[in-house]
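Undergrad: Listed here are the chains, written in short residue letters.
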Amino acid sequence: MKKLILLLTVMTVLFAQMPTSEYLYLDIHSNLTGKLPNGNPAYLESKNIPYSYAFQYNYFDQRGDYRRPFDPEAKHYNDIEVSAYREMDNGLLFAGRFAYRYEQRKNKLWLHNAETNINVPFYFADSTIGGFDLNGIDWNIIFSYPLSKVTRIAVDIFYNVDEQFKTVFPKPNVKRNDFHIRPAVTFSGGKTSAGLMVSYFKFRENIQTKKYSLEQGRSPIFMRIRGLDRSLLTYAETSEERLQTITGYSFSGNIDLGDRLLAEMNHENASAGIVDGGSYPVDQGNWDMNRWYYRIDLRSMATRYMDINIFFKQHWDKARGYHPDLNALIYQYGYRNFRGGVNVPYSSLAGETWTSTIAYGFEDIHREDNLLGLAHYIPWTTFKVGIDYQLIRKGIEYSFDLNYNNIKIGETLEYNDMADWYYDTITVNEIAYYATDREEIEGGLKIAFPFRGRRAAISGTYKEVRPINNDTRFHETNMSVELQF
Amino acid sequence: MKKYNLILFIIILTVVLSCTLDIAPPDTLRFLLKLNVTTKSISGEDSTVIGAKTIIQSINFGDYFESYTDSNGIVQFPNIIPDRYNIQVTQRTGSIIENNIEITNAIINDSLLNSAGHDTINLHINAVTERYNSTLVLSEIYYTGAIANPIPQYFHDQFTEIYNNSNLTIYLDSLLIVDVEYGFIDDTLIHAVHAYMFPGDGDDYPIEPGELIVIAQDAIDHSPAPIRSVNLLDAEFEYYVADKGDVDNPSSVNMIQIHHKYGVDFLYSVFNNAVLIMKVKDPYKYGYDEFNRILLPKSDVIDGVEYRDNLSELNMKRVDGSIDGGLTGGIPAYSSQSVERYIDHYEGGRMILMDNNNSSLDFHVNKPPTPGWVEEVSE
Chain P
228 MKKLILLLTV MTVLFAQMPT SEYLYLDIHS NLTGKLPNGN PAYLESKNIP
278 YSYAFQYNYF DQRGDYRRPF DPEAKHYNDI EVSAYREMDN GLLFAGRFAY
328 RYEQRKNKLW LHNAETNINV PFYFADSTIG GFDLNGIDWN IIFSYPLSKV
378 TRIAVDIFYN VDEQFKTVFP KPNVKRNDFH IRPAVTFSGG KTSAGLMVSY
428 FKFRENIQTK KYSLEQGRSP IFMRIRGLDR SLLTYAETSE ERLQTITGYS
478 FSGNIDLGDR LLAEMNHENA SAGIVDGGSY PVDQGNWDMN RWYYRIDLRS
528 MATRYMDINI FFKQHWDKAR GYHPDLNALI YQYGYRNFRG GVNVPYSSLA
578 GETWTSTIAY GFEDIHREDN LLGLAHYIPW TTFKVGIDYQ LIRKGIEYSF
628 DLNYNNIKIG ETLEYNDMAD WYYDTITVNE IAYYATDREE IEGGLKIAFP
678 FRGRRAAISG TYKEVRPINN DTRFHETNMS VELQF
Chain D
479 MKKYNLILFI IILTVVLSCT LDIAPPDTLR FLLKLNVTTK SISGEDSTVI
529 GAKTIIQSIN FGDYFESYTD SNGIVQFPNI IPDRYNIQVT QRTGSIIENN
579 IEITNAIIND SLLNSAGHDT INLHINAVTE RYNSTLVLSE IYYTGAIANP
629 IPQYFHDQFT EIYNNSNLTI YLDSLLIVDV EYGFIDDTLI HAVHAYMFPG
679 DGDDYPIEPG ELIVIAQDAI DHSPAPIRSV NLLDAEFEYY VADKGDVDNP
729 SSVNMIQIHH KYGVDFLYSV FNNAVLIMKV KDPYKYGYDE FNRILLPKSD
779 VIDGVEYRDN LSELNMKRVD GSIDGGLTGG IPAYSSQSVE RYIDHYEGGR
829 MILMDNNNSS LDFHVNKPPT PGWVEEVSE
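Residue numbers (the working numbering), protein chains in the order written: chain P, 228 to 712; chain D, 479 to 857.
Don't read these hints as lab results, they were simulated from the structure.
Don't be surprised by glycine CBs; every beta carbon is placed ideally from N, CA and C.
Warning: the hint list may mix true and false statements.
Said to hold, decoys possible - Far from chain P, by Cβ distances over 10 Å, these chain D residues were calculated:
#1 Asp505
#2 Phe539
#3 Phe555
#4 Arg562
#5 Asn592
#6 Glu608
#7 Phe662
#8 Leu745
#9 Pro775
#10 Asn788
#11 Glu853
What the hints assert, rightly or not - Computed, partial: chain P to chain D, Cβ under 8 Å:
#12 Phe287
#13 Ala555
#14 His593
#15 Asn597
#16 Gly600
#17 Glu667
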């Protein structure tokens with residue numbers, strides 16, 4: 228058990244990473260496999276079931292003036308969820324989660340699309356600033372079954388449906404319908420294990436604006452954003468509709484050689500088709516994204532109470548965008564992330580664990596608009612230190628973590644000779660956002676304790692992003708209450 | 479320690495690979511557009527068109543560029559973005575007074591210009607040169623309606639102004655003013671939603687050279703609050719729709735209703751439309767189309783002006799180059815703005831309004847509208 232807690236601790240610290248999957252852009256915070264090795268559902272077995280069933284309330288809040296142009300001024304996220312685990316007599320293990328979400332986004336600039344992914348700026352927008360209210364439900368079920376003592380198979384199915392409204396005219400209504408399925412297999416023996424997983428996903432986003440009529444006396448300007456500049460403008464006389472469908476697949480694998488080596492990799496391909504017009508669709512371009520990721524941990528035992536783990540990981544993305552009529556490449560994006568470091572778990576007493584981490588990384592972003600001849604390149608380095616403390620005493624589990632991350636920007640390059648108004652209004656600010664030296668401070672606390680014959684857990688995290696040379700800030704707060712049965 | 483060495487080696491190698499990236503100036507699909515304009519002159523000779531005003535407009539991006547052909551008939555536009563384009567070439571020679579105007583026009587609508595990896599696109603344009611008479615012209619059209627201040631959607635202050643650009647007295651009697659339905663640009667008949675006729679027996683309503691007359695939708699004073707628009711009490715004519723309870727100013731002469739498909743008044747669209755003056759011998763000769771629009775012969779058009787809120791939508795035009803080679807407007811509805819001809823020059827103290835038979839070149843936006851007079855605006 229102690230070893231498992233240690234492993235989960237290390238994973239929690241190390242897996243705090245840049246999004247390696249399109250799924251993460253759905254911005255749905257909970258999932259059942261988050262703490263399993265490589266997120267592989269076939270690792271779910273009776274020995275790591277945390278409870279029979281549980282009720283949970285989560286509150287997530289983001290706000291601040293250090294943010295990208297299309298990010299809302301503030302974002303509140305509430306979810307109530309119920310989750311359950313049950314093992315059948317034949318060894319089939321079932322896990323399920325059902326959640327209701329209510330989200331609010333305050334003063335979001337222009338954009339109708341639910342989430343901001345500037346890596347591929349193919350968006351629909353209008354000229355107003357306003358809030359969005361979202362209601363949604365998502366569920367997630369896992370079936371995991373042991374084929375033998377060594378082999379276990381599983382399938383993880385995720386489904387989300389939500390709807391949001393902008394509170395100001397032309398009141399776009401955004402409906403999302405998302406499906407994700409992940410079959411997986413694991414092989415375990417003694418201290419070693421290996422896993423393979425594939426996935427298929429389809430994320431649909433349907434945006435419809437309120438029907439325009441003369442009586443409203445308003446004439447919103449609609450924008451079709453495609454690349455770094457020169458969004459297409461239309462002055463609406465009727466309602467507008469956009470459908471974005473992202474489909475993709477991925478495969479991943481991991482191997483754990485007990486006290487010696489942990490390795491994992493992932494590749495994902497996602498492609499988006501975008502059409503406007505509802506019944507008479509007009510192609511608006513498409514894009515594809517390839518993501519690669521791998522991580523290697525080399526473990527060694529320094530003393531009876533202390534391990535020393537050296538790790539490194541690399542993650543890189545490439546995206547390409549295509550024009551709907553010209554049959555031409557008009558946009559390219561590249562992102563690279565390398566990070567290496569040392570992780571030292573130390574156990575002094577039974578139930579008490581300290582884990583220290585120090586890591587150094589290099590990242591860069593390159594965006595290029597090939598229709599207009601614009602580009603920029605931003606490299607930066609990261610230096611991260613963190614400590615995680617866990618204590619289990621008298622049935623009460625305490626955990627605390629603190630992380631500090633320093634981001635230092637390298638020499639940026641920008642080709643903007645032929646930039647126009649959109650670039651000057653939006654893209655310049657996106658570049659400024661990424662090309663800012665900054666610090667990130669993050670802390671978290673969790674207490675799990677017996678409560679009237681059950682078990683309860685309260686947790687919270689706080690993160691602040693602090694640019695070095697200006698007074699802007701960004702804050703993230705997350706609180707959670709859980710009752711376990 | 480062997481495994482640590484291996485890991486360190488991989489780390490260093492990866493860092494080195496990660497940190498080297500050559501960032502070159504971006505590739506671009508922009509190109510140089512080179513237009514070579516030629517025409518067949520009135521005498522039938524092939525010639526290059528020198529000094530012709532050339533306009534290119536991108537349909538999706540709304541880019542607008544204008545330049546003039548050089549001594550070789552060539553005009554160049556650098557750094558053009560691939561898109562669907564409308565291209566117009568116009569040149570006028572001769573004098574309106576001496577009645578020897580020749581107009582060279584070329585229009586290419588909705589043409590996809592894509593360099594497909596090349597730096598330059600060369601395009602040859604064959605323009606058409608014709609003789610042209612500028613006589614009676616539409617000098618100003620106020621179609622947008624009034625700013626909501628506070629009354630919204632007020633359009634009863636619309637008016638049309640006509641000017642005699644020739645050196646002869648012209649009689650308005652029996653001339654028609656019509657608006658044009660979209661979708662029949664290639665038809666030999668005009669499909670008109672409304673058609674109103676000047677009264678008179680042939681010599682009752684003369685318009686002298688250099689004289690302006692105003693036809694109001696409602697010839698009343700629209701300037702007091704809450705409308706705060708133009709005063710049309712002095713309009714010489716008004717559209718009067720008796721069966722719709724329309725306003726009637728007895729001091730303005732009522733136009734005769736020939737056809738009125740719908741509406742409480744003769745309302746020109748506040749977004750886009752084309753307004754024509756026509757001299758038709760028998761307006762009922764060709765009857766009506768299946769949607770109750772009156773049909774009138776295109777050859778009887780004296781002058782026409784087409785306006786639109788989005789000027790890049792040349793591909794949505796209602797009338798062809800024989801009536802109006804361009805498009806004016808580019809202004810939102812309910813903005814208290816009109817479109818008005820430029821003053822080309824003065825001859826003997828009389829203003830000659832610009833008339834290239836192309837409203838893109840001949841008109842400017844006026845705010846506020848000027849019923850009964852022409853604003854002096856430099857081109």
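Undergrad: Decide, hint by hint, whether the structure agrees.
TA: Each hint tested on the structure:
1. Look at aspartate 505 of chain D: its CB is around 5 Å from the nearest CB on chain P, not clear of 10 Å, so calling it non-interface is violated.
2. A beta-carbon of chain P is positioned within 10 Å of the beta-carbon of phenylalanine 539 of chain D; the least distance is around 6 Å.
3. Distance check for phenylalanine 555 of chain D against chain P: the nearest CB is about 14 Å away, which clears 10 Å, and the non-interface claim stands.
4. Non-interface call for arginine 562 of chain D relative to chain P: violated, since the shortest CB-CB distance, roughly 8 Å, does not exceed 10 Å.
5. Some Cβ of chain P comes within 10 Å of the Cβ of asparagine 592 of chain D; the nearest lies about 5 Å off, and the non-interface call is violated.
6. The Cβ of glutamate 608 of chain D sits about 35 Å from the closest Cβ of chain P, beyond the 10 Å cut-off, so the non-interface label holds.
7. No beta-carbon of chain P comes within 10 Å of the beta-carbon of phenylalanine 662 of chain D; the shortest separation is about 21 Å.
8. For leucine 745 of chain D, the non-interface assignment is confirmed: its Cβ lies about 12 Å from the closest Cβ of chain P, beyond the 10 Å cut-off.
9. With 10 Å as the threshold on Cβ separation, the claim that proline 775 of chain D sits away from chain P holds: the shortest Cβ distance comes to roughly 31 Å.
10. A cut-off of 10 Å between C-beta atoms contradicts the statement that asparagine 788 of chain D is not in contact with chain P; the least separation is 6 Å.
11. Every Cβ of chain P is farther than 10 Å from the Cβ of glutamate 853 of chain D; the closest lies at roughly 26 Å, confirming the non-interface assignment.
12. Annotation: interface hint on phenylalanine 287 of chain P violated; nearest CB of chain D at approximately 32 Å, more than 8 Å.
13. Interface restraint check: alanine 555 of chain P against chain D, minimum CB-CB distance 6 Å, threshold 8 Å, status holds.
14. At its closest, the beta carbon of histidine 593 of chain P sits 7 Å from a beta carbon of chain D; the interface hint therefore holds under the 8 Å criterion.
15. For asparagine 597 of chain P, the interface hint holds, the least distance from its beta-carbon to any beta-carbon of chain D being 5 Å, beneath 8 Å.
16. This hint holds: glycine 600 of chain P has a C-beta 3 Å from the nearest C-beta of chain D, less than the 8 Å allowed.
17. Annotation: glutamate 667 of chain P was flagged as interfacial toward chain D, and the flag is violated, the nearest CB pair being 21 Å apart, outside 8 Å.
Against the hints set out earlier in the document, violations occur for numbers 1, 2, 4, 5, 10, 12 and 17.
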